[in-house]
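Protein sequences, first through last, are from chains S and P.
Numbering follows the working numbering, in which position 228 of the first sequence is assigned residue number 228; successive positions increment by one, without gaps.
Position in the second sequence counted from 1, then plus 1000, gives you the working numbering.
These aren't lab readings, by the way, just hints derived from the structure by calculation.
Small disclaimer: the values here were computed from a predicted structure and weren't measured.
Among the hints, erroneous ones may be present.
[Stated by the list, open to error] Under the rule of at most 25 Å between Cα atoms (straight-line distance), these lysine to any residue pairs were calculated in the SDA-like manner:
(1) P/K1058 <-> S/D241
(2) P/K1058 <-> S/Y233
(3) P/K1114 <-> S/D241
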Amino acid sequence: MQNVEATALLQPPVAKRVTPAGALVRRALSLLVVHGILIAGAIFILLPFVWMLITSIKSPAEIFAVDFSLWPKHFSGAENYGRALSKVPLLRFALNGLIVCAGILIVQVLVAVPCAYALAKLRFPGRTALLALVLMGLCIPIQVPALPLYMGLAELGLLNTYFAIMMPFFLSVFAIFLFRQFFKSYPDEIIHAARLDGMSEFEIVWLIVVPSAWPAIAAFAVFSIVAHWNDLYWPLIVISDTNLATPPLGMMFFADAETGSNYGALTAAATVLTAPLVIAFLIARRRFIDGITMTGIK
Amino acid sequence: MTTAATLPYVGQPVRRDRQRMIERIAGIGFAMPAFVLLLLTNVVPLLVLLYLSFTDFKLGELNSHFLGLDNFRKALADPVFRRSLYNTFIYVAIVLPGAVGLGLLIAVLLHRRKRTRSFYEVIYFLPVTSTLIAMATVWQFILHPRLGPVNGVLRAMGFNAIPFLSEPSYVLPTLAAIGIWQLVGFNMVLFLAGLSAIPRDLYEAAEIDGCRSGIDRFITITWPLLGPTTMFVIVTTSITAFKVFDTVAVMTRGGPMGSSEVLLYAIYLEGYQYFHMGYAAALTLIFLAFVLLFSILQTFVLERRVHY
């Protein structure tokens, strides 16, 4: 084995010594192809972002000019952003997004953590059945219970409330599933020691187990916030009041009101509503990528 | 599964019984809020949905009748619903190979880059975190026949402008391209994780055995070892693509002439615009049947790689 590794290590220099120029050309060529493909893809990915930013600072005359230019000749950013902010309550949409995401996340964690701990570490009647229900719940997208939930909320006169936007998501079976995986690997000896010290199960969960599950909770938080900041389907159903609109819904209201007339303001609005998450992503890249992919289900 | 009760407390029967009691009470207490919410937001709605699907219930009308399976029969014969189902599958058929294939290609190319890897990673992941509705509005503008840059470039090169969103036969591929745009980065990250789990010395061994070109290495090592990851990515991509709604709702509203009407949009219109609750419930159950089909596959795959 060691011999094999040694030959493997020796090989590249040997090859280089035989035809240094040829190897160099080959390497340069493959780098060119690889980066060529990656850059082409990156342009496709970045196109709407770049176009959004540029249009948001262009004047209407330039936007509607037939011969398009990339960089604006006249800077109209202030007008566009001003118009977007005054025409619709953009900051209100962002605030709504914040309230909804925070509300959902807090309840999700408060409900899922004890349940996940019970499923992972406690023996109680109905545990297997509950676990089966949770696993089944994983397969049911929001669009399925949406219809009866909508009717129920309408019956109770709760449409057009924050509660209506948040309520279907208070229970995240996914959070229970994820936290249970985490808690299961927590050493039983520590829990026993805590019990012998006279700690209650409640204290054990929140003071001992939860701090150790921080990576799982952070990952879930990213996943939950991204999902609910961007969700359109459910808010579209229960919210018709502009003042309660979440970012995607607000964007839709705005697009409807401004169709074809003011792309400058429209892209300015899109920039404002996309910015918070994108900036958060750029700051905490790894956390975001891990959080969203760890969860796998979107 | 080691639970507290099975661990050595043999010498203290009283204490063990007490501990069992505490566990039972605490377990039920801890699980109760989740259980109640699970009933309220999943189980009861599902039962109501099932019941509704057998009736002609309409919101705002007092009388409703039991129809048996009529709603399902009507759905299967309804040209609008059939078209939306067909369109959804066409959409999935374009997005699936596109988003999985491109995600894999980018991941393989990125895997061995050291300095530029995180730079590209951030770019490709950007659409995953951005608000799709806002970006869809921007896409609509980019693809505008007269004002958009894409057609601007086409015209400058001497081609005719392409009516991406107003020509029925172009709409689904256009929406699918945006779907791919949104999913590539997500799939790329999943593939990168799969790639980093492949031991390096396998490649070195293969190189000694004469696997010199990158394509050889990919076929003999990467592709077979990436199998479980690929399976997982295919299933999640199918489900996400199957649930296409946002871009349709913002960009086309099912048009032109129903050419981009998809399953969720049809359900949305029936249930929340026309208030045909019974019929919408039946459509929802058909939707659920398809999602479950994908999900069963997914849980199988998920069980195998929960520790990802």
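Quick rundown of the hints versus the structure:
1. P/K1058 <-> S/D241: holds, 23 Å
2. P/K1058 <-> S/Y233: holds, 21 Å
3. P/K1114 <-> S/D241: violated, 50 Å
When held up to the earlier numbered hints, the structure conflicts with hint 3 and nothing else.
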